[in-house]
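Engineer: As you go down the protein sequences, you meet chains A and B in turn.
Following the numbering used here from start to finish, the first sequence increments by one per residue and tops out at 88.
Following the numbering used here from start to finish, the second sequence increments by one per residue and tops out at 327.
Source of the hints: derived by calculation from the structure; they are not laboratory data.
Hints are supplied without guarantee of correctness; some may be wrong.
To be verified - If you want a taste of the chain B side facing chain A, the calculated C-beta under 10 Å gives, among others: (1) T53; (2) A56; (3) T57; (4) I227; (5) S228; (6) T232.
All C-beta atoms in this analysis are idealised placements derived from N, C-alpha and C, irrespective of residue type, glycine included.
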Amino acid sequence: MSQDVLAGLAVILEEVAGVDPADVTPEKTFIDDLDVDSLSMVEVVVAAEEKFSVKIPDDDVKSLKTVGDAVSYIQRAGVAA
Amino acid sequence: MSPLNGARMLGLGVYRPARVVTNDEIAQRVDTSDEWVRSRTGIATRRIADEEETTVAMGAAAAEKALAAAGLTADTIDLVIGATCTSPSQIPGAGPQIAHRIGAGQAGAFDINGACAGFSYAVSTAADMVRAGSVRHVLVVATERLSDYTDWDDRGTCILLADGAGATVIGAAETDEIGPAVWGHDGSRPEVIRVPGYGDNMFRMEGQAVFRWAISLVPTVRQICERAGVAPDELAGIVPHQANLRIVEALAAGIGATNAAVARDVVDSGNTSAASIPLGLARLLDTGVIRRGDPVLLFGFGAGLTYCGQVVRCP
Chain A
8 MSQDVLAGLA VILEEVAGVD PADVTPEKTF IDDLDVDSLS MVEVVVAAEE KFSVKIPDDD
68 VKSLKTVGDA VSYIQRAGVA A
Chain B
13 MSPLNGARML GLGVYRPARV VTNDEIAQRV DTSDEWVRSR TGIATRRIAD EEETTVAMGA
73 AAAEKALAAA GLTADTIDLV IGATCTSPSQ IPGAGPQIAH RIGAGQAGAF DINGACAGFS
133 YAVSTAADMV RAGSVRHVLV VATERLSDYT DWDDRGTCIL LADGAGATVI GAAETDEIGP
193 AVWGHDGSRP EVIRVPGYGD NMFRMEGQAV FRWAISLVPT VRQICERAGV APDELAGIVP
253 HQANLRIVEA LAAGIGATNA AVARDVVDSG NTSAASIPLG LARLLDTGVI RRGDPVLLFG
313 FGAGLTYCGQ VVRCP
């Protein structure tokens, strides 16, 4: 798993939702563990698209339950692009 | 004396319905809470019209205040443009009835439906008509009764929607005080905000899709500043359509309007569609954080999808 993507996500989560970067580990769920609500999740996705130059369609956002899900998705999307 | 080739807002007036509805009152009917509504939308209260407060009545009340603020009488108005998407029926439009009610006997009158972007589209249309010399004074009246189209059992939308009106008189000026409009659309997604019609007259919205679209408009908002020749940090105020406080704050932060007072009228007034920009602008003027002549960015966005914005000097 890419530490760069993980660290980048932590920065975004801190900016958008005030999440402590130390809490951002792969097994954490966005909604229950990190207290990121549905609108903040949209903001995280939009910021991640810009930061990592990937596209994350609405339908795929629903499948991103954990930080690890998002890191894997961004890595795959980045390779495909 | 310089020729009057420019256009400006000469006066602003608003109408807020008397009845205040709290989140707790809504939570008695649908499964939600004051804390949930505030954290997701920023909304604490909204105004809901009574039977007497029709789109025409509210619009006329706002129009009369705008005329008084401009120091003009209704007989000097050449055109009334109603901006509304919540008339009680498709026809007649609100514009002619408002013109009649305020005594603008010489005026042409029609409506535009730009949904939540309606005020900015109407201001742009009016300013161009004034600059072209077709008219002396145009009255733009945004008036909305979203409560007539609210499904009070849909907790995703009933917490947002509200009623109100705002009006401005636009007339000629030596220097242009209404900046170029930046507009656009995504007409491929009519379903994300709609009143379906054909028997379903309730407002329907896919909230997350709309939220995502709205916060992705930051580059457009920057473009409004560029077209006006005003840097974001030179703005005295920013008045995005008051859809949701989180969108308002994301747009204001996104363009780096570091010195601007940000309209947060949505907190007290909810989402009043086309009326939300004049209501938000009036709130900033009333509280004294912006003054006559200050550059303020207006940006409407919503159903269509469509958007329009401009930088204006405060009336």
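Engineer: So, for every hint listed, does it hold in this structure?
Structural biologist: Outcome of the hint check:
1. For B:T53, the interface hint holds, the least distance from its beta-carbon to any beta-carbon of chain A being 9 Å, beneath 10 Å.
2. A hinted interface residue such as B:A56 counts as satisfied when its beta carbon comes closer than 10 Å to some beta carbon of chain A; here the least separation is about 17 Å, so the hint is violated.
3. The beta carbon of B:T57 is not positioned within 10 Å of any beta carbon in chain A (closest approach about 20 Å), and the interface hint is therefore violated.
4. Interface restraint check for B:I227: the shortest CB-CB distance to chain A comes to about 6 Å, inside 10 Å, so the restraint holds.
5. Hint status for B:S228: holds, given a least beta-carbon distance of 6 Å to chain A, under 10 Å.
6. Restraint check, B:T232 versus chain A: the minimum CB separation of about 14 Å is more than 10 Å; hint violated.
Of the numbered hints listed earlier, those contradicted by the structure are 2, 3, 6.
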